[in-house]
Amino acid sequence: MIKNTWFVDPEQLNPEQGPIIDLPSDKSYLIKGPPGSGKTNLLLLRANFLAIDRHPNLRIVVFTRMLQSFLVSGAEQYDFKASRITTLKRWEMDLLYEHGFRAKPPAEHDQQRRYYIERIQELIDAGEIAPNLYEVTLLDEAQDYLPEEVKVFRKLSKAIFAVADSRQKIYPTADCMAELEASVDETKELQYHHRCSIPICRLADALTKNPDYEPMEHTSNYDDARWPSSNPTYARVKSVEEEAKEIMSKLGHQIKAYPGELIGVVTPTNEDVQAIWSVIQGSSLTQFCVLRASDDDTPFDPAAPIWLATMHSFKGLEARALHIAGLAKLSHFPKQRNLIYTSVRECPVDRRK
Amino acid sequence: MDAPKKVGDWEVGDFINAGKSASVYCGRRGDQLAAVKIFSAEIVQKYGKDAQLGRIRRELSLIGLRHPNLVRILDGGECPDTGLLFVVMELIDAPNLATVLTDVPRDRISQIIAQVADAAQFLESHRLVHRDIKPDNIAISRDFSHSTLLDLGVLRPVGIAELTDDETQRHFLGTLRYSPPEYLLREERDDLEGWRAVTFYQLGAVLHDLLMQRRLFGDIIEPYARLVQAVERDIPEVRAADVPADLVFLARNCLLKDVKLRLKFVSWKHFEVPLVGASPIADLKERIRNRRVQPASPRPDSDRAEERDRLVRQKAAEIQSQIQSSIRRESVESGLFPPVKIVSVENETPESACTVVSYPESMAHGLAVPLNIWIRLTILDAPSTAIQLEAWALTSRSAPETLADPPVQQVVFNGVNDETIVRLILQHLLYVALDGAQQLAAHESAEGYAGAGQWLKLTALPDLKEPSND
Numbered sequence: 001m002i003k004n005t006w007f008v009d010p011e012q013l014n015p016e017q018g019p020i021i022d023l024p025s026d027k028s029y030l031i032k033g034p035p036g037s038g039k040t041n042l043l044l045l046r047a048n049f050l051a052i053d054r055h056p057n058l059r060i061v062v063f064t065r066m067l068q069s070f071l072v073s074g075a076e077q078y079d080f081k082a083s084r085i086t087t088l089k090r091w092e093m094d095l096l097y098e099h100g101f102r103a104k105p106p107a108e109h110d111q112q113r114r115y116y117i118e119r120i121q122e123l124i125d126a127g128e129i130a131p132n133l134y135e136v137t138l139l140d141e142a143q144d145y146l147p148e149e150v151k152v153f154r155k156l157s158k159a160i161f162a163v164a165d166s167r168q169k170i171y172p173t174a175d176c177m178a179e180l181e182a183s184v185d186e187t188k189e190l191q192y193h194h195r196c197s198i199p200i201c202r203l204a205d206a207l208t209k210n211p212d213y214e215p216m217e218h219t220s221n222y223d224d225a226r227w228p229s230s231n232p233t234y235a236r237v238k239s240v241e242e243e244a245k246e247i248m249s250k251l252g253h254q255i256k257a258y259p260g261e262l263i264g265v266v267t268p269t270n271e272d273v274q275a276i277w278s279v280i281q282g283s284s285l286t287q288f289c290v291l292r293a294s295d296d297d298t299p300f301d302p303a304a305p306i307w308l309a310t311m312h313s314f315k316g317l318e319a320r321a322l323h324i325a326g327l328a329k330l331s332h333f334p335k336q337r338n339l340i341y342t343s344v345r346e347c348p349v350d351r352r353k
Numbered sequence: 354m355d356a357p358k359k360v361g362d363w364e365v366g367d368f369i370n371a372g373k374s375a376s377v378y379c380g381r382r383g384d385q386l387a388a389v390k391i392f393s394a395e396i397v398q399k400y401g402k403d404a405q406l407g408r409i410r411r412e413l414s415l416i417g418l419r420h421p422n423l424v425r426i427l428d429g430g431e432c433p434d435t436g437l438l439f440v441v442m443e444l445i446d447a448p449n450l451a452t453v454l455t456d457v458p459r460d461r462i463s464q465i466i467a468q469v470a471d472a473a474q475f476l477e478s479h480r481l482v483h484r485d486i487k488p489d490n491i492a493i494s495r496d497f498s499h500s501t502l503l504d505l506g507v508l509r510p511v512g513i514a515e516l517t518d519d520e521t522q523r524h525f526l527g528t529l530r531y532s533p534p535e536y537l538l539r540e541e542r543d544d545l546e547g548w549r550a551v552t553f554y555q556l557g558a559v560l561h562d563l564l565m566q567r568r569l570f571g572d573i574i575e576p577y578a579r580l581v582q583a584v585e586r587d588i589p590e591v592r593a594a595d596v597p598a599d600l601v602f603l604a605r606n607c608l609l610k611d612v613k614l615r616l617k618f619v620s621w622k623h624f625e626v627p628l629v630g631a632s633p634i635a636d637l638k639e640r641i642r643n644r645r646v647q648p649a650s651p652r653p654d655s656d657r658a659e660e661r662d663r664l665v666r667q668k669a670a671e672i673q674s675q676i677q678s679s680i681r682r683e684s685v686e687s688g689l690f691p692p693v694k695i696v697s698v699e700n701e702t703p704e705s706a707c708t709v710v711s712y713p714e715s716m717a718h719g720l721a722v723p724l725n726i727w728i729r730l731t732i733l734d735a736p737s738t739a740i741q742l743e744a745w746a747l748t749s750r751s752a753p754e755t756l757a758d759p760p761v762q763q764v765v766f767n768g769v770n771d772e773t774i775v776r777l778i779l780q781h782l783l784y785v786a787l788d789g790a791q792q793l794a795a796h797e798s799a800e801g802y803a804g805a806g807q808w809l810k811l812t813a814l815p816d817l818k819e820p821s822n823d
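Those protein sequences? They're chains A and B, same order as listed.
No gaps in the numbering here: position 254 of the first sequence is 254 in the working numbering, and each next residue is one more.
Here the working numbering = 1-based position in the second sequence + 353.
Pulled out of the complex, with its shape left as it was, chain B reads as follows (with noise of 0.2 Å):
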């Protein structure tokens, strides 16, 4: 295409860049200079120019919102000497993620995914979505520490119907690979949730990438069909040792496929930054560098409800052995508990397991009276790794199998399992369970817990308490 030499009140310089549908460059009204985008003619007879400008329209209704990480339009229409329909955006000099991503410093990325996500919680608290969060549509500066998320050309209200049905299937031609799967097959609830999930999984796709630093299912190429399959299918291997574990949790939270899991797990507030830092536990950070992840297992073709049941068994076999590994290894390494005994409870379910941690009273270690503690683990799926623990506790001198159901059973985790925080919120919850005995303990006398005994209060690690998402 041919450069006009002007669109509206924008003289047309020097070429920036080309996409599919528009062409990028720079503009300039009397001293402001900016970037337009001018939609190719081709693109605009096929899909209706009337559908064309309502997206335009879309896009003009965010002038005058400011936001710092997300760029600014600042006019467009229809040229009326060209006819050519165009956007005016704000110039930003600074390269888009995806040609800079081997680049980014290890310890940016928090940043960036915590500006990216304000950008479009901005967008939401707006009712608006982006639709189209991938690192082409992110411009980081030179120096990596500012974000500007772009393109908004995709930009659509929530609860309002498509403008119409091309619109989509053009869109996905361009980010399938960044599509949730829900999206890829227009399953998307179009409400505030429904809209977030689909958000919340391209800022875990844009996560992935920087953690990775390769594209998501960057290994495939072609043929589409198999791109289609991984989206729908593939469990994206989401592991770095050099970075806060938190962000590889998050990110595969946010890749979950499961959109009630993804938006159980994940909540605005863990994009923000830091993370770890605001952590009550003093070694974290250090403890963390040493993290171990487990690779994740490919989704199982057979769907069969046997084949199933057997990888759920064998899912929760697994991480139930590495639950009673961390606690045992706290208990022991940390000098501050008494001997441990760990015994597995038979399952009520192939989804569910339970592990009783015993501690004999000792003196030497402040404890008048045995503590037990139950933790139980349910698979929420098992492909993912999805996961979530209960907890209780109780100070008592009878035998732990012989007690009553619990008052209250606490939720101190959920997430897709990470070998890490897992062994985090176990080590604060062992902490808290003994602290909560031996207060007990100097309140009151060692014959007060004769009888049935009394359970403990238990609380979750703050930073990854059970998100809301208000």
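Excised from the complex, chain A in its bound form (with noise of 0.2 Å):
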């Protein structure tokens, strides 16, 4: 596990978030909250509690592989098996595997997406798959499942335990939140957090414009004594590989400022993350820098602390620093500013100076 992790013991939770990890086992509950509130440590300390409460045929599921790695890393901490924590996908194949389908699913990523699910649906239509298979499943970044999967999930477990940012949601796909609350004995609410230093708060409010939106910066409860912030820094450049060499100049001092500790550069594609990787390995940091594919689940090795992935595979982790480049592109796709958000939110500092 890194360093300076976010996983906390239970005794160091705030008045909010205490009361959340000894609700009734056999009740389901979506716990709202924005980055930072500890949503993730909650999930993991409720499986604990599950655990311990004769519940251990528990399910983990988070959206990405490279989250699911990073949080099978800290295993030793949890008292349920690591192998518990799975993806979407992961767990997808292998229930379907398990009920003896073998059928290539197509190969786009959405289209591949509704395949599984609607596979799954048809076979609990088909009664082929018990509901009830799993006594609790435990759903982190709940807000960016389809409403489908939402259902799959409710009925093949007794309860659920959900936890979501409606503000995070990155993926283009029908809002779900409905379909939680629906599923749901519960809905709580947290409010403070304590990740974001209140630069990045207010990059971050800045992004927004939802008149409803309630600013991260009034609720922002972040150590700035323990981890002095900077001000995030803008630079504009010509190219994708200027942007490299720009970022790079941080990169030697950042390593050295925050040894063992992830240091995040993201990009909103594919195209750009190779770009600056192939800057990155003509250089002296090749030896720091790990290029992530969104299915990579190798462990942190605080020898290369620094992670090269586009902002989508990158998201639910946290970074000690984050640069995030390519952003001129993204300024054609307007919708996409949910996505700059989220990428901001999983820094607590952005050392770029």
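Hint data in this document are derived by calculation from the structure and do not stem from the laboratory.
Here the structure is a predicted model, which means the values were calculated and not measured.
Careful, some of the hints might be misleading.
Said to hold, decoys possible - Facing chain B, according to a computed beta carbon distance under 8 Å, are these residues of chain A, among others:
no.	residue
1	P15
2	Y192
3	I198
4	S220
5	D223
6	D224
7	A225
8	W227
Said to hold, decoys possible - Calculated from the model, a selection of chain A residues having no Cβ within reach of chain B, i.e. all distances over 12 Å:
no.	residue
9	I117
10	L146
11	T286
Stated by the list, open to error - Sample of chain B residues with no beta-carbon within 10 Å of chain A, all distances over it, derived:
no.	residue
12	D355
13	P357
14	D367
15	K373
16	L413
17	A492
18	L545
19	D587
20	R682
21	E699
22	P759
23	Y784
24	G789
By construction, the Cβ of each residue, glycine as well, lies at the ideal position given by its N, Cα and C atoms.
Dock the two chains into a complex; use the hints.
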């Protein structure tokens, strides 16, 4: 597990978080909260509680492979088997395979995703998969699931425990929040958060136009004395190669300043990831840097603390410093505002100075 | 001027120094040594003998009055033999502060300023004002432990008209640099408060020189008009990380151009030592040493209302942000508070900005009911960042926005904004409020709070409460 982990013990929880862990174990809950409000941590502590409370038959479903491997690397802190942590895709494939399904799915991501869930739905309808297969399913980043997926989880589990932030939704899929709220006995809201420094909150707040939005800045309990923050910096550059060089000029300092901590370099497209990777490979930083594909599950290695990935695959991870490249391309896609927003909020501190 | 052998009863000895209007010599009467100041004949002729004699008589009125930090006047008048005008003072074998400014140990500064202020207050108690307090007129012992206010040549009784108009004009030639703007324009009020404001400014100027180790507006030598402009408009930078923050704060408050604000923020007790030691917050000093100070921003040339409003809004936003950051920091770092929510309330006027700080109930923190604290910032003068902070607090389960006006708004701070001092004030405020809320909870059951809530009694930090000048 990475140093300075966000994983906290139950006694360190704030008064909002504490009571959530030991809510009745046979009921379903949706926990909504801003980034850094401890949702993923609560999910794991809830899983511990359930495992100890004789509900070992649980599944923890996270969205990306990268986050799954990240969580698995902290297995010694859990009272359940790390193998209980899975990604949506892995879980679907395993379930279908167990039920004799061997057909080749469509290659395109969205089609494939629909294909899998429809097949499972068919198996349930045909009575081939028993309802309540699991005692509890715990869903991380639940706002990113399809309503159909939520329905299936609900059917296959006696109870669900979902954590979500509707503001962090990054996939342009149908909104499942209504489905989630209808699927649980109670929805709880967290408001305090501890991971995003004030400059980062302000940046995230500025990216949001929704009038009902509660600014992140108001409820930030970020410990600036412990992790001094700096203001985000912005550089206007001509090409992605130039951008890569700009970023690299900071990375050298950051790996020294934050030993053993994850430093992220993200871009919206795979093309830009490749372009930056080729620039880094020709430099002395190459030994410290890992190119992360979205289905990559190699654990974090403190000797190579810089992860280069797309914004999508980086989602849910937490970096000590984050560089966002290739934003110029996003200006053509106004709906991607949420994507930048999410990337910004994964980062407690930006040290681009 | 050739030194005479004798003036009055005093034998004149070695030359000590000379100013524009007089020369000072060692003097002896029997076995008593003294400093003899002999006025130049040209000056006396130029401005009139009667006026000069009038001033000397004022100095002589101090004979017999003793204060440890005020030079003693022994004798004076017109010499019957030579016709020279003279004043005899206690002989002090010590350099003047202006010549040793950079040698003063930092930990002696508060004592020096306290001693000089005490002498000035002593004069005030006799309805006199020095009018020319500056480092050149302060003798400092070689171990920097004892200071003496010198040169009572422009001493003036409060509320009695000038001897001549000329006097003031000549006076300015020497000490414009250390004059507050209202004195420069001769707009000072001729009463105790009016002259006290002048004295506070001059004490602040001396404090400035001690802290910054250079003269006030020291970069301006010429032209004369530029210095006048500086006195009227420039906000001197005062900062020092190696002295208690109170001293910097005091200097900035003293140097305010606005007389009303100066008198509102400063009182004699602020010059007393130790300023910091009496604070109830134990690690005060430690935090103060880690202080950060924002540089003073220049006063804009434009006096247009729009420009002023813009500046006021900008300062209000900056200071509000600083306040919120201090509150968040203390709430999170101390570990003594439940999670905090900090919200800015819509500003009613450009000058004011209100912050609501809310803590949820948390048994782990001994808080049985939610606590809300309001802090209203008012910009009193934007260029110098003179501000006032008022606060009120309430324990209530209802949303803070729905609550009626508070019964009492406690003024918790008045003065030039100083991040360290304001942070101390806010820390104190947060702990008083939390303590009050916890005590309420201990006395009543949680059901008792279910209604409109309970207002808490807040107190200001004793050392920095609103000054009273009586």
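Hints versus structure:
no. : hint : result
1   : P15  : holds, 4 Å
2   : Y192 : holds, 4 Å
3   : I198 : holds, 7 Å
4   : S220 : holds, 7 Å
5   : D223 : holds, 5 Å
6   : D224 : holds, 6 Å
7   : A225 : holds, 5 Å
8   : W227 : violated, 11 Å
9   : I117 : holds, 38 Å
10  : L146 : holds, 33 Å
11  : T286 : holds, 38 Å
12  : D355 : holds, 69 Å
13  : P357 : holds, 70 Å
14  : D367 : holds, 61 Å
15  : K373 : holds, 54 Å
16  : L413 : holds, 61 Å
17  : A492 : holds, 46 Å
18  : L545 : holds, 47 Å
19  : D587 : holds, 30 Å
20  : R682 : violated, 6 Å
21  : E699 : holds, 14 Å
22  : P759 : holds, 21 Å
23  : Y784 : holds, 18 Å
24  : G789 : holds, 19 Å
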